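Asker: Protein chains in written order, with our numbering: chain B, 16 to 184; chain V, 651 to 874; chain Z, -14 to 205; chain R, -14 to 312.
Don't read these hints as lab results, they were simulated from the structure. Any given hint could be a false lead.
Unchecked claim - Label-pair ranges, simulated between beta-carbon atoms:
1) V:Arg773 <-> Z:Val132: 22 to 30 angstroms
2) V:Ser784 <-> Z:Glu193: 21 to 29 angstroms
3) R:Trp229 <-> Z:Gly200: 15 to 23 angstroms
What the hints assert, rightly or not - Interface residues of chain V toward chain Z, partial, derived using beta-carbon atoms under 10 angstroms:
4) Lys656
5) Leu685
6) Arg773
7) Ser823
8) Glu865
Fair warning: this is a prediction, and the values are worked out from it, not measured in the lab. All C-beta atoms, glycine included, are put in the ideal place defined by N, C-alpha and C.
The chain contents come next:
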Amino acid sequence: MVPLRESYTMPDHDRKPVDTDQIKALLHQKKRSMRLRLAACAGCTLCAESCFLFVSKGRDPRYMPSYKVLNSLGRLYRKKGKVSRAELEEMKDLLWKNCMLCERCYCPIGVDLPNMIAFARMILRSQGVYGVYPHSLGAPDGDGDETSDPRRQSDQGQGEAETNKAGSE
Amino acid sequence: MIIATKKQLEELKEMLRGYSKVLNVGCGGCTAVCLAGGQREVEDLNTQLAISFKADHVTFEIDSFTVERQCEMHFLSALDEIVKPYDALLSMACGAGVQFLAERYPDKPTFPALNTVFVGVNRDIGWYEERCKSCGECVLAMTGGICPIAMCAKGLLNGPCGGPQDGHCEVNSEVSCAWIKIHERLKAQGRLENILKICPVREWQDQVQGTLVLEPYRERYSRK
Amino acid sequence: MYALARGPLLWLAALVFTVGIVYRVIELFMLTQKRERVAWPTHGIRVDSPEERKLRMIISLRHSLIGQHPVMAIVAGVFHFCLFAAPIFAKGHALLLRQSWGISFWSLPSSLIDTLTIVVLLGVLFLLVRRALIPRVRAVSSFNDFVFLFIAAAPYLTGFLAYHQWLPYKTMITLHMLAGELMLIAIPFTKLSHMVFFFFVRGFVESEHSVAPGGRVWSP
Amino acid sequence: MKSESNLERVLSHGLFAVTGELGPPRGADADIVREKAKHLKGRVDAVNVTDNQTAMVRLSSWAGSLLLLQEGIEPNYQMVCRDRNRIAMQSDILGASALGIKTMLCLSGDHQTFGDHPKSRKVFDLDSIQLIGMVKKMRDESKFLSGQEITKPPRMFIGAAENPFGQPYEFRVHRLAKKIAAGADFIQTQCIYNMERFRDWIKQANDMGLTEKVYILAGITPMKSLRMAQYMKTSVPGLDVSDWVIKRLEGVEKKKQADEGIAIACEQIEEFKQMKGVAGVHLMLIEWEHKVPEITERAKLLPRPTFQESAQGGSRVGLSDEDETHE
Chain B
16 MVPLRESYTM
26 PDHDRKPVDT
36 DQIKALLHQK
46 KRSMRLRLAA
56 CAGCTLCAES
66 CFLFVSKGRD
76 PRYMPSYKVL
86 NSLGRLYRKK
96 GKVSRAELEE
106 MKDLLWKNCM
116 LCERCYCPIG
126 VDLPNMIAFA
136 RMILRSQGVY
146 GVYPHSLGAP
156 DGDGDETSDP
166 RRQSDQGQGE
176 AETNKAGSE
Chain V
651 MIIATKKQLE
661 ELKEMLRGYS
671 KVLNVGCGGC
681 TAVCLAGGQR
691 EVEDLNTQLA
701 ISFKADHVTF
711 EIDSFTVERQ
721 CEMHFLSALD
731 EIVKPYDALL
741 SMACGAGVQF
751 LAERYPDKPT
761 FPALNTVFVG
771 VNRDIGWYEE
781 RCKSCGECVL
791 AMTGGICPIA
801 MCAKGLLNGP
811 CGGPQDGHCE
821 VNSEVSCAWI
831 KIHERLKAQG
841 RLENILKICP
851 VREWQDQVQG
861 TLVLEPYRER
871 YSRK
Chain Z
-14 MYALARGPLL
-4 WLAALVFTVG
6 IVYRVIELFM
16 LTQKRERVAW
26 PTHGIRVDSP
36 EERKLRMIIS
46 LRHSLIGQHP
56 VMAIVAGVFH
66 FCLFAAPIFA
76 KGHALLLRQS
86 WGISFWSLPS
96 SLIDTLTIVV
106 LLGVLFLLVR
116 RALIPRVRAV
126 SSFNDFVFLF
136 IAAAPYLTGF
146 LAYHQWLPYK
156 TMITLHMLAG
166 ELMLIAIPFT
176 KLSHMVFFFF
186 VRGFVESEHS
196 VAPGGRVWSP
Chain R
-14 MKSESNLERV
-4 LSHGLFAVTG
6 ELGPPRGADA
16 DIVREKAKHL
26 KGRVDAVNVT
36 DNQTAMVRLS
46 SWAGSLLLLQ
56 EGIEPNYQMV
66 CRDRNRIAMQ
76 SDILGASALG
86 IKTMLCLSGD
96 HQTFGDHPKS
106 RKVFDLDSIQ
116 LIGMVKKMRD
126 ESKFLSGQEI
136 TKPPRMFIGA
146 AENPFGQPYE
156 FRVHRLAKKI
166 AAGADFIQTQ
176 CIYNMERFRD
186 WIKQANDMGL
196 TEKVYILAGI
206 TPMKSLRMAQ
216 YMKTSVPGLD
226 VSDWVIKRLE
236 GVEKKKQADE
246 GIAIACEQIE
256 EFKQMKGVAG
266 VHLMLIEWEH
276 KVPEITERAK
286 LLPRPTFQES
296 AQGGSRVGLS
306 DEDETHE
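Can you build the whole structure from these sequences, using the hints too?
Answerer: Below, the structure written as structure tokens:
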């Protein structure tokens, strides 16, 4: 096991470069099983509706379980861990803002997406990148992390949100 | 995690009788994880209700919307516009979530679709076990990580009653005696002295509605 | 080229395919483990009311893939069925088997195989259009996805053309064999590996959605 | 003397004590209590009045205790933690003491699911050991659990129960030690049908010096029949019925099984009289109170001592001849 650099204080990620070797080592730990899952994804998008966020947020493809996985863990493997901090920040939104990890997504092929999201989250945490509750005092971006502010989410979701109909006359 | 389970259809129909346009609000938090109140269950219940009311020749329309968590106001705000045309709201959150939903929309009758049963663990898919009574004064340090408040039928704090049979609780022979397990574990860890001392009378923490404000945030909420 | 495709390359493809599939299955067995159950639930079982039980079938059907995405579910089902059936029961393949090894394998009438092949090609067309036009599918598509659609379609297209001899037969049949060999080799090691994954995981690994709980779970 | 309890007097004089048990009726029927009391009067030193045993609603134990007081019998007022919180318990203890109850037994109580109101809410604000500690604090420190002063403290002889046969076996003697540390003055044990295990348990208690700090009364319930023995062996939680008990009952014809049961009980009592660390016996004759005279007679437990109050606060031992006046 590679020791995780879990930081409980304010991460000084502005100064520290991304530790590619550490990401690589972490990716390597579950390489076989994760790559197998990534390869098995046929990109059919049938997982989309099983994500309540996808449905609630106006069917934005960025909330699709497969999209979230392919663009976080998938990208990390594709790039062999060589990602910039900006990329990690992008992934952070996918992994924390766009996913509640309720583990209810459905894949017709059987890919267990939540497992992959959880693994990707762990890798991001090793670099001091993680979703922070808005306005929490320990937030890396100080008082209020813009990108993970749920109020923004809901504003964005409101216009497009649609309810699902099931009625009878 | 908070474990809840769906009320039976008959009870829900009785609750909703007289309301013809209802919004069923799912919760993406604990109740989604325990297969009780996520989007899938919302859809299942809506289909059940729609078919059932139709069979009774009752006009009934039900729609769905699932939010991240109903125990947080800013997640509920996504519903502000959506709830407008509805006569009533049905919530598939835990008891806490239902109340927050009802608080946000005080003019909408809000009904619980679930029974919140306990704070527990996910033993397996669709199989949950109670572990915590949220008593507010954790004794797990003394009891080797096994809670006698939640897992002993009498909530005893000073060792087992006289009744355990073959390691099982006298109240239900399907349940293990918490104190036998505590004794076993502490013995294995060489920490039996923990339970040889008398555990004094507890100061129960459930007198009034619980509130918790973290010290670093105290300033923020102090009255100006 | 024809001889190469019919001889060594065919052998090679068959070998790679077989070894690859076996490798994948073994790998999946290694990546999963038997679920060890030490305790069983003994009480607290929630009983559905009779009305809920009555509605259970309808609801599970309505919320299954068929209920949710009927078109996609049917197309995907039929497409995959034809994808398997057409090559296995093609007369030409049975003939080849008899010539080489003297094994007789039953086959379906050519006209039926023809239909199956057309269905496969239509299915590929459907998936292609879907991938190209629907935004959410495009969002998770890469160039590779189109390549694999092509790899999947090629043997059927060439086989169809060779059978009908609309183009020079010898060229088409060589292309057909090459395309088929390419596909066989690709299955275990590319996106097409979802063939193995699907049967193994949906059948053996327990999950909320597992069809046949096989008592296995992913290893940590 | 910690109390004016008759039981305490008997025990502190080093006499072999005998206690009985009386279950109040499921009705507002004082006569039933009086009727049962007749069989016990003069034959035991105190009588346990059960507190809604097996969680079945019954006439309350303090009211039953008062009825016994009126009959001239010392009640051993049982109190369980199942139904009352600390406020109700302390208030009941004060009330009981004010009305002349001097002995009480502190129990956790049978779980409500065994009774006729299985879905009632459980209280268990305290457990039995904490209850013992609370009564001791009230008596010795003249303080409520809260620490506030009591104007006139209750004078109670504090009893507790222990089951030497409960699991985990090796913890039972430590639980006894905890009850003593909490303030128990005497212990009544669960019904004993496994003498080996009981001997082992009392030996452990002797070795730990516990029997010097507390009076242990061995629990006796004679078997009425073979069926009862079999039922108790298989279906009663926390009971340990040895095979020899069953064998002996099997050895006699059905009519004589009750007699054999009493014979076994008498033999046990004889052994307890000699056993180091045992200060008396507790006879639990469930709905069999009329057999108390026979058993006490056959076990040579009669006559029971009586005490005459002296002006100096001491007491003088005498022997009761009550059984003659009652026959």
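Asker: Compare the structure with each hint and give your call.
Answerer: Hints and how they fare:
With their beta carbons about 44 angstroms apart, V:Arg773 and Z:Val132 fall outside the hinted range of 22 to 30 angstroms. At roughly 27 angstroms, the beta-carbon separation of V:Ser784 and Z:Glu193 lies within the given 21 to 29 angstroms, and the hint holds. The hinted range of 15 to 23 angstroms is not satisfied by R:Trp229 and Z:Gly200, whose Cβ atoms lie roughly 47 angstroms apart. This hint holds: V:Lys656 has a C-beta 8 angstroms from the nearest C-beta of chain Z, less than the 10 angstroms allowed.
Interface restraint check: V:Leu685 against chain Z, minimum CB-CB distance 7 angstroms, threshold 10 angstroms, status holds. Restraint check, V:Arg773 versus chain Z: the minimum CB separation of about 8 angstroms is within 10 angstroms; hint holds. Nearest Cβ of chain Z to the Cβ of V:Ser823: about 9 angstroms, under the 10 angstroms cut. The hint holds. Among the interface hints, the one on V:Glu865 is violated; its C-beta lies about 37 angstroms from the nearest C-beta in chain Z, farther than the 10 angstroms criterion.
Checked against the numbered hints given earlier, the structure breaks hints 1, 3, 8 and satisfies all the rest.
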